[in-house]
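From first to last, the protein sequence lines are chains W and R. Mind the numbering: the first sequence is residues 1 to 414 in my numbering, read in order. Mind the numbering: the second sequence is residues 1001 to 1251 in my numbering, read in order.
Mixed in with the good hints there might be a few duds.
Here are some chain W residues pointing at chain R (derived, C-beta under 7 Å) [what the hints assert, rightly or not]:
no., residue
1, Asp228
2, Gly242
3, Thr245
4, Asp246
5, Ser252
6, Gly255
7, Val256
Label pairs and their calculated CB-CB ranges [what the hints assert, rightly or not]:
no., chain 1, residue 1, chain 2, residue 2, range
8, R, Met1160, W, Tyr152, 54 to 62 Å
9, R, Ala1023, W, Ala238, 45 to 53 Å
10, W, Tyr152, R, Leu1090, 47 to 55 Å
11, W, Ser67, R, Val1150, 54 to 62 Å
12, R, Arg1096, W, Lys230, 39 to 47 Å
13, R, Ala1243, W, Lys230, 27 to 35 Å
14, W, Lys230, R, Ala1241, 33 to 41 Å
Read the hints as simulated data drawn from the structure, not as lab findings. In this text, a Cβ means the ideal position worked out from N, Cα and C, and glycines have one as well.
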Amino acid sequence: MNVTMKRCVAVLGILVVTAATAGAQRAPVGPKWLAWTGCWTASPPGESAFLPAPSRGPVVCITPSSSGDAADFTTIDSGKVVSTQRIDASGAEGPVDASGCTGVQRASWSADERRIYLRSSSTCNGAKSTTSAILALSATGEWLDIHDVKSYGSDNVRVARYRDAGIPAGLPAEIASILRDRGAAAESARMAAGGDIGPTAVIEASRAADSLVVAAWLMERGQHFNVDAKTLVQLAQAGVPGGVTDVLVAASNPGVFQFARAQQQDEQNTTIYTDAGERRRVSAVGVPYDPWSWGYLGYGYPIGYGYGSLGYSRYGYGSYGGYGYGGYYGGYVPPIVIVTNGQAQSRGQMVKGRGYTQTQGSSSGTASERPRSTYTPPPPSSSSSGSSASSGSSSSSGSSSSSSGSGRTAKPRP
Amino acid sequence: MTVPRSFIAVALAIAIPGGTLSAQLAGNGYLFHAPYVTFDLRGGYSAASAGSDVFDDVTSQLTLNKRDFGSLTVGADVAFRVTSQVDLTLDAGYSRSSHQSEFRNFVDNNNLPIEQTTTFERIPLTANVKVHLAPTGRSIGRLAWIPSRVVPYVGGGVGMMSYRFRQQGDFVDFNTNDVFNSTFDTQDDGRDWAFIQQVMAGVDYNFSPMFGVTLDARYLHGRGDLGTAFSGYDKIDLSGASASVGISVRL
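One chain only, chain R, in its complex shape (with noise of 0.2 Å):
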């Protein structure tokens, strides 16, 4: 997932230390009107439930556990602002792991590892209520709105998730035991969106006008069509939990 050129643009000239975006946003200490919105960008760790029986499976078969389905996570949104304490999301994640295993029981003729990568791929996008706990800011006349330290919120949401689990390399055909080279993906037959629901909860440090820290905790629930490469299966668990740090910007 690559984050859009245009939001880079936009969060460096606001970041530029005396930028002229920010010096026609902010006073000192101040922002001159509540924000209408808020981008946030994110970085942490995925965690992926993995509770669906293809994980079982593989995490049997092949030489994964399944702490190796979680991964590096980024994500962005924007929040729109509804109360003072009310926020509108639109949240968009990536994660993605990939790893190489073997099968845990079985090498080849020539006693070596019959090895494959196996590959987790979620793009959650989703829209969201956030809570603040706190005020978020205090506006003073109509000219400024001063953001509080500390704000703690909760929230919730419901969305879409592409999603993509894949295996690729080579493999143990148990009926005749050979090995053949193949690849197994979700993505086949294009069965790869699974509507998902969220949880979150944080914080938001604000350490200006405009800019802050979150420290953000979610846990999402999903579960998605594996597809004809996976017979048979149960759904795919798609949930997990995630944490993540983030820095966000007020507009």
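Okay, chain W solo, but in the shape it has when bound (with noise of 0.2 Å):
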């Protein structure tokens, strides 16, 4: 498909969401898995979902069964089959299919079946964990998948992102066959899939899955909601944690409240620069995709407040650990902690030899930020262009600027 059609295909897609919008909980958006369809590949934050696939590395593809319920989730790499996994999203329970554990797992499509929730309870080698997923799509047509893996007491959770990959070359003959034979409707359907939520997606999730999960899914999705009071109330007597709830109310509250994204450290406590600014490397190892563990390049964050940790590895299940990629795949820390934009805008640092330079509060609001407990935000700063000038004073040139987020700049003194 050239980039012409495929523009045509978003925007009509595009005005599919548009127009059905209007219900909280909308109607399902074709077959089943008609919107998953294709191959994915890891998508880093801020990267535009409609970016070329790469040329080269690995990818996932879904491919539906006949049963109509379930779908194929494939590990390609280098034009090999690394591994398949089967999700079978009847609802119905069966045995975990791993060697060496033992549990039920069991996968189910939303009511509107535009997500697939996602549990297991597993003992693998005396290790007992429960995992709990949300399989969705954003507003951009992403695939974002989202787990939570509890094993004694601790949760972790990951989440990875995923853009279409296309047909990349080399792809098994069966596989391209499904993907060519598609069509359009793929592409509508998933615009369509990664439409708005609304209250009744919430509070379905929120007892589909856990809330760690939910919470996640909202932050990642992007989404503006308007949340009032009655709403609100709706939800809490409908059973949605307040962690959920909290998310809402920040995402509904875009002036107060941003989503930052968490500082975390890898073990050799490197450190990467970013678009978003500096952030911690996280180490990861890519694996073949596992719905049941945490997800083909996802990357970990305790998103529970200081709990969960980065060492945490699920023994002898699936096929983990057995595919080593390594390094940093564009991966991320997702967001963890809620700030309020006053002060993420305020936040600068004064680097010795570089001057003055914002280390949040960019207008992405991606910026890393120390994890606290800010759900008691302190007063917003009483300024935020204090840190926006450069100093200049560090630069060869002494000529350059840096501008903030009001549009604010600095030149040199004539």
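Two chains, two frames, a set of hints: combine them into the complex.
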């Protein structure tokens, strides 16, 4: 499909979404796996979902089965099938399909067939764990894969984002054939599936998945909500946990709150700089997609205010650990804290040799933020412009300028 | 009594529609947290019991009635949330009556009335416990607090009152019948503070997450020394009931 055709389909999809957003819980968006069918590649934060797929690297291809409820998740790298996992979202409970493990797992569709909820409970080599996950699509057509693995009382939530990888070269013929046959309807279904959600979907998700997963899903959607007090009461009465309504409140008041991604440390304690500012690099090992674990190229974060650990792994379950990519794959540490915008805008740093720099509060709202108990936000800073001007003292040319989010710029003194 | 300018500035900043402070504190029908503090500004009428003998004498000799010692009152309090239904409040009020009178029974040698002005001023400062008879609001998660629409309350407290009973003008010397000009003032010798107690009841009507209307009734009890200007009298009765309506702001 050429670029022009893709854009037309995308516009059509957006129109479909716009027309359909009136209802909180909408009708199914077509054949159940239609929106998901395709090959997907890891998508770093801030990177457009419409960027062309990388020419190399692993992909996860989703192809529906004949039953309608099930689909195969095939991890492919360099034309080789690394693994295949089947998700049967019929809602039927089945045994854990992994050597050395016992337990049950269950996948089910949401009522509007736009999301898949996963739950499993297993014991692998004596280690008990439970998994809760939501597989959903974003408004930009990205696949959001959010897992919470709980073991020994510790929650570890990980999020992976994927974007469409087209039909990569070297794809197995049977998969390539399915993808070529999906047609434009798949694009429309994908856009519709990623459309805005309402309270009904939140209530349903809160019943089907752990609250940490639902909260992460709402954060990652990037949807602007406008919940009022009445809706909050309805949600609370429906049993939606406070951690979930907090996310809705924050997303409803972007002038007050923003989601900031957390600093984390890997074993090397290295630091990377991205477009969003300083961020701790999180070491990650790519694994074949495993719906009952953290997911392919997922990057972990302890969403639960300080609990969870990056070192946690599940033993002998699935094919985890058998396929190492290593390195930084554009993964990221998803948001775990809610901070006030004013506070975020005023964060700055003076770095020897570099002068002043903003470390938080860029317009993307993804700057790193030190974890804290931010639900009692301190008063906004009195000034957000103080850290926005370049000192110029450390610049070799003496003429560099930086801009703040407000559009204020600095220039050399004449 | 003057309302602190800083308080007015804060209140105005909050009250301005679309004000940034309001937007920073409240969402669509909820605050982002349970209120830490509530400010209340109120105005109403404060009646004076005027039950002590000094009032008896004044009202018998001068053209004054006991209700003349009542007056408009203004007050302000700041309430600190202790529990979801209990506040600790610091309360200040101000009421002042000032009436001209003449001797009921005497005129001067030119048949002119013998006139004077009597002022009764009370400034209670109290610390109170305010118990809400219904939940003041409901927290949903940690980022939303929805106030209840109507919340009755009762409360009580203790404190001190600065008071002043002052008569200025022409008086009759009953020993000589001379008319003389003078001032009688409880504050002449600095005895102008008294211990007081008060009880209160009222209802808060919350029409927005941050703002509400308060209907308040309270009874204050206290007696204070009159000082040397009023010799031989019992302590002056500072008691009285008041009713007021106010605007409350939650932060």
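Each hint tested on the structure:
no.: 1; hint: Asp228; in the structure: 4 Å, holds
no.: 2; hint: Gly242; in the structure: 3 Å, holds
no.: 3; hint: Thr245; in the structure: 4 Å, holds
no.: 4; hint: Asp246; in the structure: 4 Å, holds
no.: 5; hint: Ser252; in the structure: 6 Å, holds
no.: 6; hint: Gly255; in the structure: 6 Å, holds
no.: 7; hint: Val256; in the structure: 6 Å, holds
no.: 8; hint: R:Met1160 / W:Tyr152: 54 to 62 Å; in the structure: 59 Å, holds
no.: 9; hint: R:Ala1023 / W:Ala238: 45 to 53 Å; in the structure: 28 Å, violated
no.: 10; hint: W:Tyr152 / R:Leu1090: 47 to 55 Å; in the structure: 49 Å, holds
no.: 11; hint: W:Ser67 / R:Val1150: 54 to 62 Å; in the structure: 57 Å, holds
no.: 12; hint: R:Arg1096 / W:Lys230: 39 to 47 Å; in the structure: 46 Å, holds
no.: 13; hint: R:Ala1243 / W:Lys230: 27 to 35 Å; in the structure: 34 Å, holds
no.: 14; hint: W:Lys230 / R:Ala1241: 33 to 41 Å; in the structure: 39 Å, holds
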